[in-house]
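First to last, the sequence lines map onto chains L, R and X.
Using the numbering used here, the letters of the first sequence map in sequence onto residues 1 to 308.
Using the numbering used here, the letters of the second sequence map in sequence onto residues 1001 to 1308.
Using the numbering used here, the letters of the third sequence map in sequence onto residues 2001 to 2308.
Hints listed in this document are in silico derivations from the structure and should not be mistaken for laboratory results.
One or more hints might be untrue.
Some chain R residues judged to face chain L by a derived CB distance under 7 Å, without partners named [stated by the list, open to error]:
| hint | residue |
| --- | --- |
| 1 | Phe-1077 |
| 2 | Glu-1088 |
| 3 | Leu-1090 |
| 4 | Thr-1096 |
SDA-like, lysine to any residue: derived pairs with alpha carbons at most 20 Å apart [to be verified]:
| hint | chain 1 | residue 1 | chain 2 | residue 2 |
| --- | --- | --- | --- | --- |
| 5 | X | Lys-2229 | X | Asp-2239 |
| 6 | L | Lys-39 | R | Leu-1040 |
| 7 | L | Lys-229 | L | Ala-276 |
| 8 | X | Lys-2039 | R | Leu-1040 |
| 9 | X | Lys-2229 | X | Ala-2242 |
| 10 | X | Lys-2229 | L | Thr-89 |
| 11 | X | Lys-2110 | X | Arg-2231 |
| 12 | L | Lys-39 | R | Gly-1125 |
| 13 | R | Lys-1039 | X | Lys-2110 |
Just so you know, these numbers come straight off a predicted model, no measurement behind them.
For every residue, glycine included, the Cβ atom is placed at its ideal position computed from N, Cα and C.
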Amino acid sequence: MTTHLRHLTTLENLPRATIEHLLDRAIAMRDACAHGTRKLDLLTGRTVLNLFFEPSTRTRTSFELAARRLGADVVNFNIGVSSTTKGETLYDTLHTLEAMHLDAIVVRHKVDGTPDELVRNAMSGVSIVNAGDGHHAHPTQGLLDALTIRQHRPDFENLTVTICGDIRHSRVARSDVHALTALGVKAIRFCGPAGLLPDADEFPQVQCSEDFDAAIAGADVAIMLRLQKERMAATELPDEAAYFQHYGLDPRRLARADRGCLVMHPGPLNRGIEIADEVADGPQSRVLEQVANGVFVRMAVLGELLAR
Amino acid sequence: MTTHLRHLTTLENLPRATIEHLLDRAIAMRDACAHGTRKLDLLTGRTVLNLFFEPSTRTRTSFELAARRLGADVVNFNIGVSSTTKGETLYDTLHTLEAMHLDAIVVRHKVDGTPDELVRNAMSGVSIVNAGDGHHAHPTQGLLDALTIRQHRPDFENLTVTICGDIRHSRVARSDVHALTALGVKAIRFCGPAGLLPDADEFPQVQCSEDFDAAIAGADVAIMLRLQKERMAATELPDEAAYFQHYGLDPRRLARADRGCLVMHPGPLNRGIEIADEVADGPQSRVLEQVANGVFVRMAVLGELLAR
Amino acid sequence: MTTHLRHLTTLENLPRATIEHLLDRAIAMRDACAHGTRKLDLLTGRTVLNLFFEPSTRTRTSFELAARRLGADVVNFNIGVSSTTKGETLYDTLHTLEAMHLDAIVVRHKVDGTPDELVRNAMSGVSIVNAGDGHHAHPTQGLLDALTIRQHRPDFENLTVTICGDIRHSRVARSDVHALTALGVKAIRFCGPAGLLPDADEFPQVQCSEDFDAAIAGADVAIMLRLQKERMAATELPDEAAYFQHYGLDPRRLARADRGCLVMHPGPLNRGIEIADEVADGPQSRVLEQVANGVFVRMAVLGELLAR
Chain L
1 MTTHLRHLTT LENLPRATIE HLLDRAIAMR DACAHGTRKL DLLTGRTVLN
51 LFFEPSTRTR TSFELAARRL GADVVNFNIG VSSTTKGETL YDTLHTLEAM
101 HLDAIVVRHK VDGTPDELVR NAMSGVSIVN AGDGHHAHPT QGLLDALTIR
151 QHRPDFENLT VTICGDIRHS RVARSDVHAL TALGVKAIRF CGPAGLLPDA
201 DEFPQVQCSE DFDAAIAGAD VAIMLRLQKE RMAATELPDE AAYFQHYGLD
251 PRRLARADRG CLVMHPGPLN RGIEIADEVA DGPQSRVLEQ VANGVFVRMA
301 VLGELLAR
Chain R
1001 MTTHLRHLTT LENLPRATIE HLLDRAIAMR DACAHGTRKL DLLTGRTVLN
1051 LFFEPSTRTR TSFELAARRL GADVVNFNIG VSSTTKGETL YDTLHTLEAM
1101 HLDAIVVRHK VDGTPDELVR NAMSGVSIVN AGDGHHAHPT QGLLDALTIR
1151 QHRPDFENLT VTICGDIRHS RVARSDVHAL TALGVKAIRF CGPAGLLPDA
1201 DEFPQVQCSE DFDAAIAGAD VAIMLRLQKE RMAATELPDE AAYFQHYGLD
1251 PRRLARADRG CLVMHPGPLN RGIEIADEVA DGPQSRVLEQ VANGVFVRMA
1301 VLGELLAR
Chain X
2001 MTTHLRHLTT LENLPRATIE HLLDRAIAMR DACAHGTRKL DLLTGRTVLN
2051 LFFEPSTRTR TSFELAARRL GADVVNFNIG VSSTTKGETL YDTLHTLEAM
2101 HLDAIVVRHK VDGTPDELVR NAMSGVSIVN AGDGHHAHPT QGLLDALTIR
2151 QHRPDFENLT VTICGDIRHS RVARSDVHAL TALGVKAIRF CGPAGLLPDA
2201 DEFPQVQCSE DFDAAIAGAD VAIMLRLQKE RMAATELPDE AAYFQHYGLD
2251 PRRLARADRG CLVMHPGPLN RGIEIADEVA DGPQSRVLEQ VANGVFVRMA
2301 VLGELLAR
């Protein structure tokens, strides 16, 4: 481990050693939970607050379980009924929460960069953890995807990873690229309809393609992204069936990938849109391992940030 | 006790010994909570998730208190803002939650049989507890009603139990019949408007009547069901006042029952519709004992299912 | 300390010694939390239920943190989806919760006197804590304001306190007056537009003024109240800018107060309406100390009420 992390808002520019340390720690968390009682006392007496400006039961629950299994108290701050609806600024909300002596704030917000804004404005020792901001970053997702890959294919330098779907608006894709680049993967390929691919200069190291048959060929990992249905208009595909035909992962396409190609998806799945049932439920699917690793990665992150 | 229970989705076909064991265990829970601190450590380190697809603060709170008093962590999965609204299937939600290593999922759903569907599709060691599914079953309510009766009248073989109201759509009535039949009550009578009585062949052992004066005569227990106001149309009664006149439990009718007749209601009460104030608040009312027993029964069930 | 408190619904008529005892206890809570782990075990095994009929994430979170830091379990009873929407009376809700063996119910309700109604109807040993009822009282806010003042100016007998804004509809102002009067402040001044001042005979000891320049002159403490925007009509001020011009606390007005005048606000702030940014964020602002003290005061109150 290099320097002590106080916040986690993005994986961009994190050193490989830091990412590897967090993945190692996640495995240690998994092992610690495997025997007998599943509750550790690393964070006893600490308080983690979930500040979700976008609804996300799945990610919130994963963070909540992670914090509780470390012995922390968790408070859910339901922003739908909160003071921001009464006109309070984000900064006043932050400072109010800090004054209540929280140890960590897990934040999700639709505006890119909100967690970094909180870091810049924090006045106390609170740790900020990004649970997803706009199109910008979702660092714990990047870590859990990296961990899931590493458990099957620790030889990152040999891996070709294809990420397919709405890359342009995906914080998952961005955090995946940051993690996988730091870990030294051989190649990353983006695939999707032109309107959902990122600007050409955003990721110069990544190959972009509108042809999924080509992009999946020989891939070791396929990460399928969730299609936000309101994005269909940007795709020039007439409907979901057409999207599936062009960009869905079905058995025929999966057969073009490497024989042991890992199939991943951040969830929740749109079956029949991004992915066929046979693939989602097939032997190469790592979707549920991703979910399980999500809890361990979040335990690792909270343990790391809140370590005294 | 016969076999170890892993799930509880219905009381139907549970042996009498199993039901008695759960009631005994509920009493043991009550006694364990009566002295000093009310927190036990039977389920320390275990996680119970409330998965309520229908709102129910009352039942959810009862389960939450039961789990916490056994030392478990409780996570409320607010399905109103969850992935199912994003199109995720129930099975993907189940498998996602299982991947997070929950010990029990307490589920309420408006569709009959959903908890059994979860049991059939569960892939891990998670226990499924039915907190009410459609018109089908509400087993912890059946147990708490049986416990409340047993505390006053353990001589089930002598008891006549009258259940009055919307039997047809009532999971409470069904679970009550299953529990009381297993415990050997002498007679069960259903009473309500024709449109709210069940099909004749569903409960051949039960006497059905539209005449509450007759059905309450000599009863040892009167279980009044909550009227869903949208069911009025099926009753051919013009309004709530007319419903109360025909099927409300008032002092005059209660006087027709056995002198010590227990008055029960699953709550929340519609006063002046199913039950008169004088009866709800009178000395024969067991409504609040039912609530108290609800927590103990749920402690017993969670303790039983999650015992290692 | 004089008599043991069982409920806290108002500060009106509480003896000075009781208020001072609660403030002392809040300081003891703060000190106990300052070293090492922040979790005490005073209320281990006890259950506190938040019963909020009005949304308030801020106050609810403060009570939740207070209870958890004392080791209690906390259940949030989300009344928006509860039985009261199914027609259950407040009394039936109360008795149902009592039957579940709660130790304290923290209640917020828009109707004046609801917490006292609960006290009058409680059947068990449950403690009722008022978290704000209508325009009537918000006793923990009164205590935290008194504590914040005492930390800087324990010489209450020398203090002039100006409370500015919508006094008429403010439970905060009323509880502040009760606390500060008991603690023996020299003078309290109310200031606001005529339509937002209380009736002349409600607080005979308080000076009322529509002229903020006069009311702030020489003040030792300025408590700015939040303007409910729907109250604008009652002010005869055309808009928020005009309100700020007449009743906002800006640096020019603050300069008219005593040199060390404490600036307070219960939050959430309407910046540019009640208070200028420079003042809210300036060296005399005690707003965040109020928030921090809120948790300690609520720990003190819960500890006091639930002491065996």
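Restraint check, 7 Å cut-off on beta carbons, for Leu-1090 (chain R) near chain L: violated (12 Å)
Proposed proximity, Lys-2110 (chain X) with Lys-1039 (chain R) (alpha carbon, max 20 Å): Outside the cut-off at roughly 34 Å; violated.
Lys-2229 (chain X) paired with Asp-2239 (chain X) [C-alpha distance capped at 20 Å]: Measuring from Cα to Cα gives roughly 10 Å; hence the hint holds.
Measure nothing beyond the straight line between the CA atoms of Lys-2039 (chain X) and Leu-1040 (chain R); if it is 20 Å or shorter, mark the hint as holding. Holds: Lys-2039 (chain X) and Leu-1040 (chain R) sit about 19 Å apart, inside 20 Å.
Given the hinted pair Lys-39 (chain L) and Leu-1040 (chain R), is their Cα-Cα distance within 20 Å? holds (16 Å)
Does the interface hint hold: is Thr-1096 (chain R) within less than 7 Å of chain L, judged Cβ to Cβ? holds (5 Å)
Are Lys-2110 (chain X) and Arg-2231 (chain X) close enough, with their CA atoms no more than 20 Å apart? Holds. Lys-2110 (chain X) to Arg-2231 (chain X) sits at ~16 Å (cutoff 20 Å).
Is the hinted pair Lys-2229 (chain X) and Ala-2242 (chain X) satisfied, with a Cα-Cα distance of at most 20 Å? holds (13 Å)
Decide if the proposed pair is consistent with the structure: Lys-39 (chain L) and Gly-1125 (chain R), CA atoms, cutoff 20 Å inclusive. Judged against 20 Å, a Cα distance of about 18 Å means the pair holds.
Interface hint status, Glu-1088 (chain R) versus chain L (Cβ within 7 Å): With Cβ-Cβ at 4 Å, under 7 Å, it holds.
Go through the hint on Phe-1077 (chain R) and say holds or violated, using the shortest Cβ distance to chain L against 7 Å. With a minimum Cβ separation of about 6 Å from chain L (threshold 7 Å), the hint on Phe-1077 (chain R) holds.
Would the hint linking Lys-2229 (chain X) and Thr-89 (chain L) be met if the CA-CA limit is 20 Å? Roughly 16 Å between the alpha carbons, so the hint for Lys-2229 (chain X) and Thr-89 (chain L) holds.
Against the hints set out earlier in the document, violations occur for numbers 3, 13.
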